[in-house]
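Residues per chain are reported as follows:
There are 2 protein chains.
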Amino acid sequence: MDCINKELCIIKEGVSKNLPYQINEYGKLIRSKIGLLILKMYGVNPGEEHLKFLTAIELTHTASLHHDDVIDNETTRRNSQTINSLKGNKLSVLYGNLILTNALKIILSTDNTILTKHFNETIQDMCKGELLQNSQLYSIPSLEDYIEKSRLKTASLFKMVGLGLKILSADIPQSMIDFTENFGIGFQIKNDLDNLLTTKTDIENGIYTAPLIYSGGTKITEYGIEKTKALIDNYIQKGFTYPEKERDNQYKKELIGVMQCLKN
Amino acid sequence: MDCINKELCIIKEGVSKNLPYQINEYGKLIRSKIGLLILKMYGVNPGEEHLKFLTAIELTHTASLHHDDVIDNETTRRNSQTINSLKGNKLSVLYGNLILTNALKIILSTDNTILTKHFNETIQDMCKGELLQNSQLYSIPSLEDYIEKSRLKTASLFKMVGLGLKILSADIPQSMIDFTENFGIGFQIKNDLDNLLTTKTDIENGIYTAPLIYSGGTKITEYGIEKTKALIDNYIQKGFTYPEKERDNQYKKELIGVMQCLKN
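Top line first, the protein sequences correspond to chains A and B. When you line the first sequence up against our numbering, it's residues 15 to 278, in that order. When you line the second sequence up against our numbering, it's residues 15 to 278, in that order.
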């Protein structure tokens, strides 16, 4: 990922400056990676506004983790203890709020009203997704409700990457909005599968996801795992249809590489 | 308060439409009352933008209560059980977030960039105030730190009422920004005094406020109470100096009436 290293450094610096504490681990920065590769794939040189925007996306993601950790009683994240388990729910809620206002401040500094409105709607969709998940606890939802929850809770912020880049740069095609949204749905399903194959904290918390929906109960089956993998593949395939054939450059290859992380 | 009844009804309707649950009790709506009376005192007829703005102020206040209840483990509020004690911290955090995005959506719908930026900064100040309070827990702060915390945590949203009305209407003088901020500080000190004279939950939660600062320990003294009352009077007096003498109309009288609620 050398081709976007410089930009990722600037985004990390922006994230670090807008957190109320020191961090050593920035996470995967997958939303920024996708955003930068999309820009470069379409021949747009990432400028100050793009980097500000992607920094705000990462901050929003971080803010949502702080609140999710309170909501889901998570104790570890990115191989470290979560803020809520280290310093209590109070600080986790407050830090989440503060980081979110910092993200909005960055977005507001672009003076782009349309971008700001969509950004706020995205945060709203993320809340609605969490609320939907909360209403489904300890019951196996329909696949449709599960996908809708994943779309709102997780894919909305991925979709905002595509949408925001399109708002900022006319060269980015409409199709990138669907591409980022589909990637986001696949990303959430992959996360859910990984959880069930490792810590299984989702089951403890009453969050019953794709593998259990396919397994038809709270005991995961081989069939459930296979069907979930096929579902993820389906979202990857949807993604592959978007980046245009004529854009066969190194950035498209890198983007496909990022998408491979959804594969086992 | 008959003179602003019509406008208060519209604000209540707006609040109700933007909450994810039914409410019967709107609270005192003190921020809106002050805002409407300031407008009328200066001869401005409250229009759609003013009412939208005040609705967003009330929603932001409500959102902050949802988060504060989680932060302070409150079980009752406005004579009813709090959302966090009824439905858990999860829903309280999520509802707070959702209500806040609704408030921002209303502000964004005014297409007033300056108003939106100040609004976001206000939310940020409220977070900073809560963080400052959190850093002072179980220790008696200096009076200066206590006032600074109250200014950020509570008075910032009151100040935003004055500031927002000034941004929306040139007829509102600059002095109303200081007026609303001072009122907000007095309002918080009065709340703190009432808490120590009734439930004393602040002491349990390690929040040591003006009466204890003056008492010099966690046992409240008569001296501490008297000094706190004098401090509140001081902020009321500061307020009284602002509404201009020539504005001696019924609205000024009503505004002074609202300020009397800070008196015992």
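Calculated from the structure, these hints are not laboratory results. Treat the hints loosely; a few may be bogus.
Given that identical chains are not distinguished, each listed pair holds provided it fits within a single copy or across any two copies.
[What the hints assert, rightly or not] Taking lysine to any residue pairs in the SDA-like style, the calculated list, with each CA pair at most 20 Å apart, reads: (1) K101 with L151; (2) K119 with L129; (3) K233 with L211; (4) K42 with T96; (5) K66 with E135.
Hints, one by one, checked against the model:
no.: 1; hint: K101 with L151; in the structure: between (26 Å within a copy, 13 Å between copies)
no.: 2; hint: K119 with L129; in the structure: both (12 Å within a copy, 13 Å between copies)
no.: 3; hint: K233 with L211; in the structure: within (12 Å within a copy, 55 Å between copies)
no.: 4; hint: K42 with T96; in the structure: within (16 Å within a copy, 38 Å between copies)
no.: 5; hint: K66 with E135; in the structure: both (18 Å within a copy, 18 Å between copies)
In this structure, none of the earlier numbered hints is contradicted; all agree with it.
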